[in-house]
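If you want the building blocks of each chain, they are given just below.
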Amino acid sequence: MLEIKNLHASINGKEILKGLSLSVKPGEIHAIMGPNGSGKSTLSSVITGNPAFEVTQGSIIFEGKDLQEMAPEKRANEGIFLSFQYPVEIPGVSMVNFMRTAINEQRKYRELPPISATDFLRIMREKKALVEMDNKLTNRSVNEGFSGGEKKRNEIFQMAMLEPKLAILDETDSGLDIDALRIVAHGVNKLKSPENATIVITHYQRLLEYIIPDYVHVLHDGRIVKSGGKELALELEARGYDWIKQEVAV
Amino acid sequence: MEKQYIDLYKTHHSLIKQHAAPVMNESRDASFALFEKLGFPTTKLENYKYTDLKEALSLDYGLNVRRLDFPVDPYQAFKCDVPGIQSYLYFVVNDAFYPEYNEQNAELPKEVIVCSLKEAAEKYPDLMAKYYGRLSTQKQDGLVAFNGAFAQDGFFMYVPKNVQLDRPVQLVNIMRADVDFMANAHNLIILEEGAKAQLLVCDHTVDDVRFVSNRVTEVFVAENATYEHYKLENTHIKTTNLSTLLIEQQASSNVLGNVITLHNGLTRNSIEIALNGENCETELCGMVIADKKQQVDNFTSVLHNMPNCHSNELFKYVLDDVSKGAFTGRLYVAKDAQKTRAYQTNRNILLNRTAKMRTKPQLEIYADDVKCSHGATIGQLDEQAMFYMRTRGIPYEEARLLLMFAFTADVIDNIRIPALADRMKMLVEKRLRGELSKCEGCTICQ
Chain A
1 MLEIKNLHAS
11 INGKEILKGL
21 SLSVKPGEIH
31 AIMGPNGSGK
41 STLSSVITGN
51 PAFEVTQGSI
61 IFEGKDLQEM
71 APEKRANEGI
81 FLSFQYPVEI
91 PGVSMVNFMR
101 TAINEQRKYR
111 ELPPISATDF
121 LRIMREKKAL
131 VEMDNKLTNR
141 SVNEGFSGGE
151 KKRNEIFQMA
161 MLEPKLAILD
171 ETDSGLDIDA
181 LRIVAHGVNK
191 LKSPENATIV
201 ITHYQRLLEY
211 IIPDYVHVLH
221 DGRIVKSGGK
231 ELALELEARG
241 YDWIKQEVAV
Chain B
1 MEKQYIDLYK
11 THHSLIKQHA
21 APVMNESRDA
31 SFALFEKLGF
41 PTTKLENYKY
51 TDLKEALSLD
61 YGLNVRRLDF
71 PVDPYQAFKC
81 DVPGIQSYLY
91 FVVNDAFYPE
101 YNEQNAELPK
111 EVIVCSLKEA
121 AEKYPDLMAK
131 YYGRLSTQKQ
141 DGLVAFNGAF
151 AQDGFFMYVP
161 KNVQLDRPVQ
171 LVNIMRADVD
181 FMANAHNLII
191 LEEGAKAQLL
201 VCDHTVDDVR
211 FVSNRVTEVF
221 VAENATYEHY
231 KLENTHIKTT
241 NLSTLLIEQQ
251 ASSNVLGNVI
261 TLHNGLTRNS
271 IEIALNGENC
281 ETELCGMVIA
291 DKKQQVDNFT
301 SVLHNMPNCH
311 SNELFKYVLD
321 DVSKGAFTGR
331 LYVAKDAQKT
341 RAYQTNRNIL
351 LNRTAKMRTK
361 PQLEIYADDV
371 KCSHGATIGQ
381 LDEQAMFYMR
391 TRGIPYEEAR
401 LLLMFAFTAD
411 VIDNIRIPAL
421 ADRMKMLVEK
431 RLRGELSKCE
441 GCTICQ
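Each protein sequence line maps, in turn, to chains A and B. Residues 1 to 250 (the working numbering) make up the first sequence, in order. Residues 1 to 446 (the working numbering) make up the second sequence, in order.
Derived by calculation from the structure, the hints in this document are not laboratory data. Treat each hint with caution, since some may be false.
Below, simulated DSS-like cross-link-like pairs (lysine-lysine); rule was C-alpha separation at most 30 Å, straight line [what the hints assert, rightly or not]:
1. B/Lys335 to A/Lys108
2. A/Lys74 to B/Lys430
3. A/Lys74 to B/Lys339
4. A/Lys128 to B/Lys425
5. A/Lys108 to B/Lys425
6. B/Lys37 to A/Lys151
7. B/Lys425 to A/Lys136
Part of the chain A face toward chain B, derived, beta carbon under 10 Å [said to hold, decoys possible]:
8. Gly58
9. Tyr86
10. Ala102
11. Tyr109
12. Pro113
13. Pro114
14. Ala117
15. Leu121
All residues carry an ideal CB built from backbone N, CA and C; glycine is no exception.
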């Protein structure tokens, strides 16, 4: 589904990713772990096409298509979703209007007619229930005045609405209390299917107790330096990242 | 530049007076003398430093001092931008009130007077004597003095005590001429105690010539009266629209001003609201969407002369191409105007590097127990918000549009006529989409 090969990427001339390779197949959950500044968020930005980053070398192929040729909105409509580490507040744009526009753009891309008002409301209701999201939130502007936990729930709500093939969860656990974490993880697990894949980017092992990964990768200095099964996450939790850094240095 | 008008006045002042009401002529010579002294405003003046009128005013414009009829059927010339809004509808062509009876106005309450200023001067000399020129003649402003010297007619509205109009009065100003043309209209609006009225002013131009319209509007809002003044400007690129709006509020009155410029050439709105009684409520908003070489300068002045009043100002600009915007928010709080609450916000988005915005909050506070605030920002569309929306599949252009529309939404939220607010949303969206890069039906703007 996703094939990243020897990816180099920089921001403002500073190279952050230095030859990253990753392969994700349908149905898989990959966890990307690593210390601060190792390039985790850069990876999610580059996959989704953030114009602030420049790819200098390597390739990102999604379902046989070269992503680098595509604008962010096209990648989204191809089925890639990013749950932001810091969801953006958009005053004046209502959640309902935002979501309807997104859904209809996706439908237009798939050559489907715009969604009917009743269908839209029904789907909204279902998906809100999935992440136990308050009705009041969808009546407000996008993320405006939402608490940290509400913003993260809203990300998963949007993911549920858009039903992506590949979901990237960037530090979705940060700023969540344990109840919110459980709700968010429950939402993610509910959306899981053999056809879609998930990349969980996290600093801590905590989220991985709820979303069980098939593979764990350790990112260090812009490269994946170690890969393993879910037990690798536990080892990282117990031992920290320093031993990996030393192992790499040797 | 002033000379041609000074000569014109000296040669033709008796003709000007002959075609105007006596009450207007009483202050005419004094206004002319003041104009001779002040001349047209230049950028050397603090209040005009952002907008240079020289080029626009140096052309040779015709004036219609003989008050010849300009043949026009306003119903033909004017395609209403806000159809479906149930209003009492009136037209002023250049500076002449269009007299034809309109069935739509049959239900206007009998005690309410709407007519030309000239007719009002003849039929209601007491009202005119009491109000005409009270706010304008003392103004040390070359444009207002010029208007005092040359204005011969305009729009008159009187709403007596406790009469509350059930629907808006719509005043459509149409500029029409076969040569480059200047009109000086003087409007007078009087609301007595407890009266209520909404006025929607629509500015239009129909001919492919250069226009200067120099309008002065005086508004008197008595105790407990409520007045809403909406102005929607849809004029063509060759228009210089100079508008002075002077409002006086008495105790416990409520005023809303909302000036929206969607299409224009060069616009200067000078708005002054004097709060001359306690417990006044004042809301003053504005929105500008400009591109090409358009220029819009909103100069506002809110004078808290009495205690316990509340004012709030909100102006938003979206500027593209080589357009220029300017905003001045003068806020004056007199020494004894304690417990004043006065707030002001001006936010601006520049869509590229060539558009320009000048903004100046100007607070003069002489009382010591007040709450006042001001904020001004000039920025671009939020890049992070743009990326966020695009990751949800919303294309760049659509995301940009949503952000711009959201940016202007709170000005529209301040429109208290629901049908007008809905219509305005549509007009703004179309304007932002570029579907209305000129006014509907216009063949003049490219």
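How the hints compare with the structure:
1. This hinted pair does not check out: B/Lys335 and A/Lys108 have alpha carbons roughly 62 Å apart, beyond 30 Å.
2. Distance check on the hinted pair: A/Lys74 and B/Lys430 sit about 25 Å apart at the alpha-carbon level, within 30 Å; holds.
3. This hinted pair does not check out: A/Lys74 and B/Lys339 have alpha carbons roughly 55 Å apart, beyond 30 Å.
4. For a cut-off of 30 Å, the pair hint linking A/Lys128 to B/Lys425 stands: about 29 Å separates their Cα positions.
5. Taken as a hint, the A/Lys108 and B/Lys425 pair is honoured in the structure, with Cα atoms around 24 Å apart against an allowance of 30 Å.
6. Simply put, B/Lys37 and A/Lys151 have alpha-carbon atoms about 63 Å apart, too far for the 30 Å limit, and the pair is violated.
7. With a CA separation close to 24 Å, the supplied pair B/Lys425 and A/Lys136 stays within the 30 Å bound.
8. Contact between A/Gly58 and chain B, as hinted, is not supported at the beta carbon level, the nearest pair being about 21 Å apart and thus beyond 10 Å.
9. Nearest Cβ of chain B to the Cβ of A/Tyr86: about 9 Å, under the 10 Å cut. The hint holds.
10. A hinted interface residue such as A/Ala102 counts as satisfied when its beta carbon comes closer than 10 Å to some beta carbon of chain B; here the least separation is about 4 Å, so the hint holds.
11. Here the hint on A/Tyr109 is kept, as its CB sits about 7 Å from the closest CB of chain B, short of 10 Å.
12. With a cut of 10 Å, the hint placing A/Pro113 at the interface with chain B is violated, because the nearest CB-to-CB distance is about 16 Å.
13. Nearest Cβ of chain B to the Cβ of A/Pro114: about 13 Å, over the 10 Å cut. The hint is violated.
14. Hint status for A/Ala117: violated, given a least beta-carbon distance of 18 Å to chain B, over 10 Å.
15. Look at A/Leu121: its Cβ only gets to about 19 Å from chain B, farther than 10 Å, so that hint breaks.
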